[in-house]
Amino acid sequence: MNKQKAFLIILASLLAMPNAMASGGIAFTATNSKWKAECGSCHVAYPANMLPATSWKAMMGGLDKHFGSDASLDAATSVEILAFLEKNASQRKADPAQKPQLRITETRWFINAHDEVSAKTWKNPLVKSAANCAACHTQAESGDFSERNIRIPK
Amino acid sequence: MSHHKRFMRHLLSGILLLAATAQAQTPQQTLDGFKQSAAETTGFQGFSAARGEQFFKSTHGNDWSCSTCHTQNPAAQGKHAKTSKIIQPLAPAANADRFTDQAKVDKWFKRNCNDVLNRACTPLEKGDVLTYLMTLK
Numbered sequence: 006m007n008k009q010k011a012f013l014i015i016l017a018s019l020l021a022m023p024n025a026m027a028s029g030g031i032a033f034t035a036t037n038s039k040w041k042a043e044c045g046s047c048h049v050a051y052p053a054n055m056l057p058a059t060s061w062k063a064m065m066g067g068l069d070k071h072f073g074s075d076a077s078l079d080a081a082t083s084v085e086i087l088a089f090l091e092k093n094a095s096q097r098k099a100d101p102a103q104k105p106q107l108r109i110t111e112t113r114w115f116i117n118a119h120d121e122v123s124a125k126t127w128k129n130p131l132v133k134s135a136a137n138c139a140a141c142h143t144q145a146e147s148g149d150f151s152e153r154n155i156r157i158p159k
Numbered sequence: 136m137s138h139h140k141r142f143m144r145h146l147l148s149g150i151l152l153l154a155a156t157a158q159a160q161t162p163q164q165t166l167d168g169f170k171q172s173a174a175e176t177t178g179f180q181g182f183s184a185a186r187g188e189q190f191f192k193s194t195h196g197n198d199w200s201c202s203t204c205h206t207q208n209p210a211a212q213g214k215h216a217k218t219s220k221i222i223q224p225l226a227p228a229a230n231a232d233r234f235t236d237q238a239k240v241d242k243w244f245k246r247n248c249n250d251v252l253n254r255a256c257t258p259l260e261k262g263d264v265l266t267y268l269m270t271l272k
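Listed in order, the protein sequences are those of chains A and B. Residue 6 is where the first sequence starts when you use my numbering, and the numbers rise one by one after that. Residue 136 is where the second sequence starts when you use my numbering, and the numbers rise one by one after that.
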């Protein structure tokens, strides 16, 4: 692979990452009390910046069948949370020809950011699911996904 | 009555009303609400902790029962079956917040009954379960 091509690949994967990660901050600071309480009751309240607005709209429109569970909300709460998510969504353009991506773990930036994680780690019962950010990102609850706060369970 | 006095009276009743709506109810009051609804159905003869326990620990056609996430001991911490997120104890004796907020109670029964039974729970089922949970120490 020539240097130019390598540079382009790195650049492309950086651009595919959420803004906060690409700029090196890796802290997701946008917050909203309803989002935190409702989206954080069954799993980590995934930061708005991890998916584009079209994905959040689709997600919030299907909460009664949310990855196999009923996570339905009253209309007022749902409207407030969607507004928050859309306002702080990833600016990466979603392909309008494709169905909106709902699984963060299937986004290109997620796959790139986790390419060093071994198959053994993913299979560890303490990790159990790639959706379980807090298994390794010890400060995920507070939106801090920085490298120094990663502890991979043995 | 002067305008001022009338204003103060309105203000005071407004504050009292706000306090009343924001005030948490007790688990017993939540149970009384279920009892009122259940009493409207034919043949209602009161709630049963034993029936509630059986309901709580059994599956109802789907993979999950209540105890899949809330464990066989709802006075202890549970864990979400899919995400592994910790669930605080469900029994009021172990967690004073439980069954004190009607909106929250309604929200979770709606969701979880759909997951466990593919339908809404009846007032009898909810009352039985809460009666069982209230017997736990």
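Be a bit skeptical, because a hint or two may be false.
[Unchecked claim] Chain B is nowhere near these chain A residues, computed Cβ spacing over 12 angstroms in every case:
(1) Ala118
(2) His119
(3) Val132
(4) Arg153
[What the hints assert, rightly or not] Computed list of lysine-lysine pairs in PhoX-like fashion (alpha-carbon distance at most 25 angstroms, straight line):
(5) B/Lys242 / B/Lys192
(6) A/Lys133 / B/Lys217
(7) B/Lys170 / B/Lys214
(8) A/Lys39 / B/Lys220
(9) B/Lys217 / B/Lys242
(10) A/Lys41 / A/Lys92
(11) B/Lys170 / B/Lys239
(12) B/Lys214 / A/Lys128
(13) A/Lys70 / B/Lys272
(14) B/Lys192 / A/Lys39
(15) B/Lys242 / A/Lys70
(16) A/Lys62 / B/Lys245
(17) A/Lys41 / B/Lys192
(18) B/Lys192 / B/Lys272
What the hints contain is simulated information worked out from the structure, not anything from laboratory work. Glycine included, each C-beta is placed from N, C-alpha and C at the ideal position.
Each hint, compared with the structure:
1. No beta-carbon of chain B comes within 12 angstroms of the beta-carbon of A/Ala118; the shortest separation is about 20 angstroms.
2. No Cβ of chain B approaches the Cβ of A/His119 within 12 angstroms, the least distance being about 17 angstroms, so the stated non-interface status holds.
3. The non-interface label for A/Val132 is inconsistent with chain B: the shortest C-beta to C-beta separation is roughly 9 angstroms, within 12 angstroms.
4. Every beta carbon of chain B lies more than 12 angstroms from that of A/Arg153, the smallest distance being close to 24 angstroms; the non-interface claim holds.
5. At roughly 21 angstroms between alpha-carbon atoms, B/Lys242 and B/Lys192 fall within 25 angstroms of each other, so this suggested pair holds.
6. For the suggested pair A/Lys133 and B/Lys217, the alpha carbons sit about 8 angstroms apart, so the restraint of at most 25 angstroms is met.
7. Between B/Lys170 and B/Lys214 the alpha-carbon distance is near 30 angstroms, which puts this suggested pair outside the 25 angstroms criterion.
8. Taking the CA atoms of A/Lys39 and B/Lys220, the gap is near 18 angstroms; set against the 25 angstroms cutoff, the hint holds.
9. About 19 angstroms separates the Cα atoms of B/Lys217 and B/Lys242, which keeps this hinted pair within 25 angstroms; it holds.
10. The hinted pair formed by A/Lys41 and A/Lys92 meets the criterion: a straight-line CA distance of about 15 angstroms does not exceed 25 angstroms.
11. Simply put, B/Lys170 and B/Lys239 have alpha-carbon atoms about 18 angstroms apart, close enough for the 25 angstroms limit, and the pair holds.
12. Using a Cα cut-off of 25 angstroms, the hinted pair B/Lys214 and A/Lys128 holds, with the two alpha carbons roughly 18 angstroms apart.
13. A C-alpha spacing of about 35 angstroms is found between A/Lys70 and B/Lys272, which places the hinted pair above 25 angstroms, so the restraint is violated.
14. Taking the CA atoms of B/Lys192 and A/Lys39, the gap is near 31 angstroms; set against the 25 angstroms cutoff, the hint is violated.
15. For the hint pairing B/Lys242 with A/Lys70, the CA-to-CA distance comes to about 15 angstroms; that is within 25 angstroms, so the pair holds.
16. At roughly 22 angstroms between alpha-carbon atoms, A/Lys62 and B/Lys245 fall within 25 angstroms of each other, so this suggested pair holds.
17. At roughly 30 angstroms between alpha-carbon atoms, A/Lys41 and B/Lys192 are farther apart than 25 angstroms, so this suggested pair is violated.
18. Our distance criterion of 25 angstroms between C-alpha atoms is met by B/Lys192 and B/Lys272, whose separation comes to about 18 angstroms.
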